[in-house]
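Peer 1: These are the residues of each chain, in order.
4 protein chains.
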Amino acid sequence: MQTDPRQTISEMCQNFYRQGWVSGTGGGISIRREDRVYMAPSGVEKEKIRPEDCFVVDLQGNILERPENPALKLTECAPLFLSAFELRNAGAVLHSHSSNIVLMTMLARRLDEELSVLEFTQLEMLKGIQGHGYYDTFELPVVDNTAHECDLTESLRRAMERFPDSPAVAVRNHGIYVWGPNEVKAKTQAECIDFVCEVYWKMRSAGIQSHLSAPATPASVS
Amino acid sequence: MQTDPRQTISEMCQNFYRQGWVSGTGGGISIRREDRVYMAPSGVEKEKIRPEDCFVVDLQGNILERPENPALKLTECAPLFLSAFELRNAGAVLHSHSSNIVLMTMLARRLDEELSVLEFTQLEMLKGIQGHGYYDTFELPVVDNTAHECDLTESLRRAMERFPDSPAVAVRNHGIYVWGPNEVKAKTQAECIDFVCEVYWKMRSAGIQSHLSAPATPASVS
Amino acid sequence: MQTDPRQTISEMCQNFYRQGWVSGTGGGISIRREDRVYMAPSGVEKEKIRPEDCFVVDLQGNILERPENPALKLTECAPLFLSAFELRNAGAVLHSHSSNIVLMTMLARRLDEELSVLEFTQLEMLKGIQGHGYYDTFELPVVDNTAHECDLTESLRRAMERFPDSPAVAVRNHGIYVWGPNEVKAKTQAECIDFVCEVYWKMRSAGIQSHLSAPATPASVS
Amino acid sequence: MQTDPRQTISEMCQNFYRQGWVSGTGGGISIRREDRVYMAPSGVEKEKIRPEDCFVVDLQGNILERPENPALKLTECAPLFLSAFELRNAGAVLHSHSSNIVLMTMLARRLDEELSVLEFTQLEMLKGIQGHGYYDTFELPVVDNTAHECDLTESLRRAMERFPDSPAVAVRNHGIYVWGPNEVKAKTQAECIDFVCEVYWKMRSAGIQSHLSAPATPASVS
Numbered sequence: 001m002q003t004d005p006r007q008t009i010s011e012m013c014q015n016f017y018r019q020g021w022v023s024g025t026g027g028g029i030s031i032r033r034e035d036r037v038y039m040a041p042s043g044v045e046k047e048k049i050r051p052e053d054c055f056v057v058d059l060q061g062n063i064l065e066r067p068e069n070p071a072l073k074l075t076e077c078a079p080l081f082l083s084a085f086e087l088r089n090a091g092a093v094l095h096s097h098s099s100n101i102v103l104m105t106m107l108a109r110r111l112d113e114e115l116s117v118l119e120f121t122q123l124e125m126l127k128g129i130q131g132h133g134y135y136d137t138f139e140l141p142v143v144d145n146t147a148h149e150c151d152l153t154e155s156l157r158r159a160m161e162r163f164p165d166s167p168a169v170a171v172r173n174h175g176i177y178v179w180g181p182n183e184v185k186a187k188t189q190a191e192c193i194d195f196v197c198e199v200y201w202k203m204r205s206a207g208i209q210s211h212l213s214a215p216a217t218p219a220s221v222s
Numbered sequence: 001m002q003t004d005p006r007q008t009i010s011e012m013c014q015n016f017y018r019q020g021w022v023s024g025t026g027g028g029i030s031i032r033r034e035d036r037v038y039m040a041p042s043g044v045e046k047e048k049i050r051p052e053d054c055f056v057v058d059l060q061g062n063i064l065e066r067p068e069n070p071a072l073k074l075t076e077c078a079p080l081f082l083s084a085f086e087l088r089n090a091g092a093v094l095h096s097h098s099s100n101i102v103l104m105t106m107l108a109r110r111l112d113e114e115l116s117v118l119e120f121t122q123l124e125m126l127k128g129i130q131g132h133g134y135y136d137t138f139e140l141p142v143v144d145n146t147a148h149e150c151d152l153t154e155s156l157r158r159a160m161e162r163f164p165d166s167p168a169v170a171v172r173n174h175g176i177y178v179w180g181p182n183e184v185k186a187k188t189q190a191e192c193i194d195f196v197c198e199v200y201w202k203m204r205s206a207g208i209q210s211h212l213s214a215p216a217t218p219a220s221v222s
Numbered sequence: 001m002q003t004d005p006r007q008t009i010s011e012m013c014q015n016f017y018r019q020g021w022v023s024g025t026g027g028g029i030s031i032r033r034e035d036r037v038y039m040a041p042s043g044v045e046k047e048k049i050r051p052e053d054c055f056v057v058d059l060q061g062n063i064l065e066r067p068e069n070p071a072l073k074l075t076e077c078a079p080l081f082l083s084a085f086e087l088r089n090a091g092a093v094l095h096s097h098s099s100n101i102v103l104m105t106m107l108a109r110r111l112d113e114e115l116s117v118l119e120f121t122q123l124e125m126l127k128g129i130q131g132h133g134y135y136d137t138f139e140l141p142v143v144d145n146t147a148h149e150c151d152l153t154e155s156l157r158r159a160m161e162r163f164p165d166s167p168a169v170a171v172r173n174h175g176i177y178v179w180g181p182n183e184v185k186a187k188t189q190a191e192c193i194d195f196v197c198e199v200y201w202k203m204r205s206a207g208i209q210s211h212l213s214a215p216a217t218p219a220s221v222s
Numbered sequence: 001m002q003t004d005p006r007q008t009i010s011e012m013c014q015n016f017y018r019q020g021w022v023s024g025t026g027g028g029i030s031i032r033r034e035d036r037v038y039m040a041p042s043g044v045e046k047e048k049i050r051p052e053d054c055f056v057v058d059l060q061g062n063i064l065e066r067p068e069n070p071a072l073k074l075t076e077c078a079p080l081f082l083s084a085f086e087l088r089n090a091g092a093v094l095h096s097h098s099s100n101i102v103l104m105t106m107l108a109r110r111l112d113e114e115l116s117v118l119e120f121t122q123l124e125m126l127k128g129i130q131g132h133g134y135y136d137t138f139e140l141p142v143v144d145n146t147a148h149e150c151d152l153t154e155s156l157r158r159a160m161e162r163f164p165d166s167p168a169v170a171v172r173n174h175g176i177y178v179w180g181p182n183e184v185k186a187k188t189q190a191e192c193i194d195f196v197c198e199v200y201w202k203m204r205s206a207g208i209q210s211h212l213s214a215p216a217t218p219a220s221v222s
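Chains as they are written, first to last, in the numbering used here: chain C, 1 to 222; chain Z, 1 to 222; chain E, 1 to 222; chain P, 1 to 222.
Keep in mind that the hints were calculated from the coordinates and are not lab data. Glycine included, C-beta positions come from ideal geometry on N, C-alpha and C. Where hints are given, some of them may not hold.
Chain C stretches covered by chain Z per the calculated footprint, using a threshold of three residues with CB under 8 Å from any CB of chain Z [to be verified]:
1) 23-36
2) 100-107
3) 144-156
4) 171-183
5) 195-207
Label pairs and their calculated CB-CB ranges [said to hold, decoys possible]:
6) Z:P70 x E:D4: 21 to 31 Å
7) C:N69 x E:L212: 46 to 56 Å
8) P:D136 x Z:T3: 53 to 63 Å
Take the sequences, apply the hints, and build the full model.
Peer 2: Structure representation (structure tokens):
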């Protein structure tokens, strides 16, 4: 017995707001139930979304149900969300504007004119990212940002194809899209990715070059 | 059907307190309905303001309604708030003492004896600031602080005239005034400005000089 | 009509816990009503204090009323709180273990074998500290910590006498005692002091030497 | 009259989530009542655990009661929790994935191929760690992480035997296990350890080499 996705979207956006992921109307989440996709509206305070403010679209993005309030528009992330549903058979996709993500994208290693990558390894929290163990290297693709959100769609799709093991694609100076088989998995994976970004950033800020085990160098802090 | 502005002021101040913008009785918000302006009282814990503690003034600052509690005084930000209503036809103006803002004002580039500027570009969150896209440069004017808050009025007005594209004026070592066509827009723009200040400060603290796209320099963090 | 001080202590400790000032059973607050002083118990989770857990003592520290729970003991801060009531005619005294304070005490300038000082100026939030304007220098005395909290009493009293303009005395590597004519003023002054410590620490961490106005040196962050 | 441990586990996990200790399904807590041990399930959002989701095991780890929901599995921390109950006669053991802990483990001084140590002294919050006073040195053992959580058991037990004065063992790049005679003491000690890690990390990041008293070197921050 699943909960009403509109109610879930409302509650999850409140959690994301408290986490600092959706301030200033950025970010959001979409949840799929079979061939119906529930999405938050665009340009509103995410922490104040009520269930009745949500849209329902089909897998091609056609609006099936819209909220009563005529001022509300569909989220601009729609094509990006739908790409994850299509290419990954996701059950939910979220979009976070967390500063931890934004800062780490600045350190991404460039691969070509539209794509970079961040690599993380040997942090326990990586285990919360599907398919990754402690000693694995989690490769997070980072696409360059564009003037308009919908223009990200093609580069996001290419990044997803090039990095099939990642449940996320980050966007330089912007944020991240994270999906999963359901909304809980999307959220928990997003929390793990946010955590490793926070930790790597703090390591970098403190001048720590490596945290890999068996460094053999005695170091002490008194 | 609009909500009671007094109730909104009370709720928004609680949000601002949780965000760290109005601790120690600093900061606040004013909301305009036609020719009546609702303002919080001065020198009280902002997170404890009740609707009945609010003042109502006219557009010249004359008190139309005052709270029952005789100990309450009108906010000292009144002339500053009224300047934004007058010069920008704002619907709401807020004042934040966020440490993210205070710290960034210390890095502002000086233009003359009373005015400096901060420049931000290529962060997605800038899109939440009216009139700014991802590749635009958001210029945030920063006026020097004064011994008394009302003495800021003239320099704040000059900054507003010199920087018509900014929905905000920051005050060095003090905080920021942010306005918008309504209280939601004032708050969300303030969140976006606070976010870009937090990110720029963390970049500066970590020694990152530039985050602009296509750096072509492969950099990796292991 | 004043609220029940026991209720206030309970609520304020919950606020302090959320602010990070009283984790791990550290910190607390005492409130005076004429010649009765209400204090929190020792060694309990401060965010879970119920009104009936509070002690009432006289101005010499003799217990007038104790909570029903026989396991509860009077706070070890009692002599320190009572010193502020005596020497400053305070209405309330709080004790915070905030990490912002602890970190800044490490930078205090030593004056003699038991006393150091921190100096803050030109931050708007200093106005929230009684008797201080924007251009004033707030001198915060810092006494060295001791093995037992009650052993701080003498040095704390000497610091209070030497720095009559400060509503607080910090303790190196430990925290701070802040008082005021009532509990609201004690809390709001504590918030202002905590804020300026947070800002000075972040300036120091980022290598900023001075934030004083009219630096005349054009600096820009892109 | 003790509260229902299942209810306590549910409430404490919500507190831990707010503290940032159990995001992304990591971390947890177990509580012992005589020979029955209550534990949270594995791989679920810790902040959403309901009392009826808890397991009850005996001191050897055999399941005595399991939740109705057949999808729930016993926490993978079970052998680690049980080791603390056995070797320390603990009343409760918690597991935190706090980033403050993870970062500090990177600075631990290596003792042998599986064990390192962190040393803390002269912070008031150390008094909240059983058996430690202000001038004592708290030695926190840090074992290397392994691919699977249960593989930590042997090294954790050896660390506990080698460092009998520590109520905790940290795991490099992973987190920490903290116990106490009851759940309150486990939590408050965990808060104190988290605090000293946060402070030491910030000192290290700011380049402060020592915070020990009587430095005799006048230093000032303006």
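Peer 1: Determine for every hint whether it applies to the structure shown.
Peer 2: Tested hints:
Given as covered by chain Z, the stretch 23-36 of chain C passes the check, having 4 residues with a CB less than 8 Å from a CB of that chain where 3 are the minimum. Under the rule that three or more residues need a Cβ within less than 8 Å of chain Z, the assignment of the stretch 100-107 of chain C holds, with 4 such residues. Residues of the stretch 144-156 of chain C with a Cβ under 8 Å from some Cβ of chain Z number 4, which satisfies the need for three, so the listed coverage holds. Note: the stretch 171-183 of chain C has 5 residues with beta-carbon separation from chain Z under 8 Å; the three-residue rule is met and the coverage holds.
Counting residues of the stretch 195-207 of chain C whose beta carbon lies closer than 8 Å to any beta carbon of chain Z gives 5, which meets the minimum of three for the stated coverage. At about 24 Å, the CB distance of Z:P70 to E:D4 agrees with the hint of 21 to 31 Å. At roughly 50 Å, the beta carbons of C:N69 and E:L212 sit within the given window of 46 to 56 Å. In this structure the supplied range 53 to 63 Å holds for P:D136 paired with Z:T3, their Cβ-Cβ distance being about 56 Å.
Hint compliance for this structure: no hint is broken.
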